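Using the sequences and the hints given, assemble the complete structure.
The C-terminal position of the sequence shown is numbered 282 in the numbering used here, with every residue numbered one higher than the one before it.
Honestly, the hints are just simulated from the structure, not real lab data.
Mixed in with the good hints, there may be bad ones.
Unchecked claim - Pairs of lysine-lysine, DSSO-like flavour, derived with a Cα cap of 27 Å: (1) K275 <-> K249; (2) K106 <-> K153; (3) K267 <-> K253; (4) K177 <-> K150; (5) K68 <-> K267; (6) K249 <-> K267; (7) K237 <-> K177; (8) K237 <-> K153; (9) K84 <-> K153; (10) K106 <-> K215; (11) K249 <-> K265; (12) K220 <-> K275; (13) K275 <-> K265; (14) K237 <-> K170; (15) K253 <-> K215; (16) K150 <-> K220; (17) K215 <-> K68; (18) K106 <-> K177; (19) K68 <-> K253; (20) K84 <-> K253; (21) K275 <-> K106; (22) K150 <-> K215; (23) K249 <-> K153; (24) K170 <-> K249; (25) K178 <-> K153; (26) K267 <-> K106; (27) K220 <-> K237; (28) K249 <-> K237; (29) K178 <-> K237; (30) K220 <-> K170; (31) K106 <-> K68; (32) K170 <-> K215; (33) K220 <-> K249; (34) K215 <-> K177; (35) K178 <-> K220.
Treat the numbers as computed from the prediction; the structure is a model and nothing was measured.
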Amino acid sequence: MIKQLYSIIQLDEAIKTMEAGADNIGLVPMQKGGVPAHRVPLYRVDQIHEECRKRGVNMVLIMLTNDPEEMLDLAHRLQPEILHVAGDEYTADEEFAKRLKELAPNTELMQAVLVDGKGAIDRAKKVDPFVDYILLDSGLAADTGIGASGKTHDWSIDAQIVKEVNAKVIEAGGMGPDNVADAIKEIRPYGVDSLTKTSIKYDHGNMEKDIPKVKAFCEAADKAAAELGL
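What follows is the structure, given as structure tokens:
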């Protein structure tokens, strides 16, 4: 069971999150979209990526911009393991996937799909042929794109999507140590993602990972997956 933890900002925070059990760590590199306090300078992205490589952890670049050219430029410059398209006005298409592979041959593509009803099933199936991952998430906000709501949604829809797509499904939306096991048992995804429930939030939009909660989240996910033989 892949454990994906968002949204990393500092180098020491990244290292502690990986040591607590994360398989994927996500961060927002400097770009047009997203909360300014969460954007990571590119030199620090490189530093975090170096630590990821040492530990066999995937670095996920979270794209909150709606400009595909900016996304591709960042992928080319930073060569992440995964590029996560989460902007609320742009969805990756087959041409984008092709260009990404040309510019960053070893980068996989993750598309966020907003689960706000059964229409999410068709949206997921539409991107399935050309993405590597589908991230199922809750909420839509002007400053964060799809996700970061801290709220869950109808897991029965997600379970159906898992059965109907070939891409690896990452379950997001209000995931934390308290409910990740239940989500895994109902949905049986490839991986689980957490932001809000494993973060400490400060004034002015600043946040950092709550490492004990990250560890509890990862342990609960692994235990549930082992019990199910996933």
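Structure-based check of each hint:
1. Restraint check for K275 and K249: satisfied, since their Cα atoms lie roughly 19 Å apart, inside the 27 Å limit.
2. Distance restraint check for K106 and K153: the Cα-Cα separation of roughly 24 Å lies within the 27 Å cut-off, and the hinted pair is therefore satisfied.
3. Taking the CA atoms of K267 and K253, the gap is near 18 Å; set against the 27 Å cutoff, the hint holds.
4. Under the criterion of a C-alpha separation no larger than 27 Å, the hint pairing K177 with K150 is consistent with the structure, at around 18 Å.
5. Taken as a hint, the K68 and K267 pair is honoured in the structure, with Cα atoms around 10 Å apart against an allowance of 27 Å.
6. Under the criterion of a C-alpha separation no larger than 27 Å, the hint pairing K249 with K267 is consistent with the structure, at around 12 Å.
7. Between K237 and K177 the alpha-carbon distance is near 22 Å, which keeps this suggested pair within the 27 Å criterion.
8. For a cut-off of 27 Å, the pair hint linking K237 to K153 is broken: about 34 Å separates their Cα positions.
9. For the suggested pair K84 and K153, the alpha carbons sit about 23 Å apart, so the restraint of at most 27 Å is met.
10. At most 27 Å may separate the alpha-carbon atoms for a hinted pair to count; K106 and K215 exceed this at roughly 34 Å.
11. Pair hint K249 plus K265 holds up; C-alpha atoms about 8 Å apart against a cutoff of 27 Å.
12. Straight-line distance between C-alpha atoms of K220 and K275 comes to about 20 Å, which keeps the hinted pair within the 27 Å bound.
13. Taking the CA atoms of K275 and K265, the gap is near 15 Å; set against the 27 Å cutoff, the hint holds.
14. Using a Cα cut-off of 27 Å, the hinted pair K237 and K170 holds, with the two alpha carbons roughly 20 Å apart.
15. The straight-line distance between the Cα atoms of K253 and K215 is roughly 35 Å, outside the 27 Å bound, and the hint therefore fails.
16. Our distance criterion of 27 Å between C-alpha atoms is met by K150 and K220, whose separation comes to about 18 Å.
17. Among the hinted pairs, K215 with K68 is inconsistent with the structure: their alpha-carbon atoms are about 34 Å apart, more than 27 Å.
18. In summary, the hint linking K106 to K177 is not supported, as the alpha carbons are separated by about 35 Å, beyond the 27 Å threshold.
19. For the suggested pair K68 and K253, the alpha carbons sit about 17 Å apart, so the restraint of at most 27 Å is met.
20. Distance restraint check for K84 and K253: the Cα-Cα separation of roughly 22 Å lies within the 27 Å cut-off, and the hinted pair is therefore satisfied.
21. Between K275 and K106, the direct Cα distance comes to roughly 25 Å. Compliance with the 27 Å bound is thereby established for this hinted pair.
22. With a C-alpha separation of about 26 Å, the suggested pair K150 and K215 falls inside the 27 Å cut-off, and the hint holds.
23. Using a Cα cut-off of 27 Å, the hinted pair K249 and K153 is violated, with the two alpha carbons roughly 33 Å apart.
24. Between K170 and K249 the alpha-carbon distance is near 25 Å, which keeps this suggested pair within the 27 Å criterion.
25. Between the alpha carbons of K178 and K153 the distance comes to roughly 19 Å, so the proposed pair stays at or under 27 Å and holds.
26. With a C-alpha separation of about 20 Å, the suggested pair K267 and K106 falls inside the 27 Å cut-off, and the hint holds.
27. For a cut-off of 27 Å, the pair hint linking K220 to K237 stands: about 16 Å separates their Cα positions.
28. Pair hint K249 plus K237 holds up; C-alpha atoms about 19 Å apart against a cutoff of 27 Å.
29. Straight-line distance between C-alpha atoms of K178 and K237 comes to about 26 Å, which keeps the hinted pair within the 27 Å bound.
30. Proximity of K220 to K170 is assessed by CA-CA distance (about 19 Å); at most 27 Å being required, the pair is judged to hold.
31. A threshold of 27 Å between alpha carbons decides the hint, and for K106 with K68 the separation of about 14 Å falls inside it, so the pair holds.
32. Under the criterion of a C-alpha separation no larger than 27 Å, the hint pairing K170 with K215 is consistent with the structure, at around 14 Å.
33. About 23 Å separates the Cα atoms of K220 and K249, which keeps this hinted pair within 27 Å; it holds.
34. Distance restraint check for K215 and K177: the Cα-Cα separation of roughly 11 Å lies within the 27 Å cut-off, and the hinted pair is therefore satisfied.
35. At roughly 14 Å between alpha-carbon atoms, K178 and K220 fall within 27 Å of each other, so this suggested pair holds.
Of the numbered hints given earlier, the model fails hints 8, 10, 15, 17, 18, 23; all others are met.
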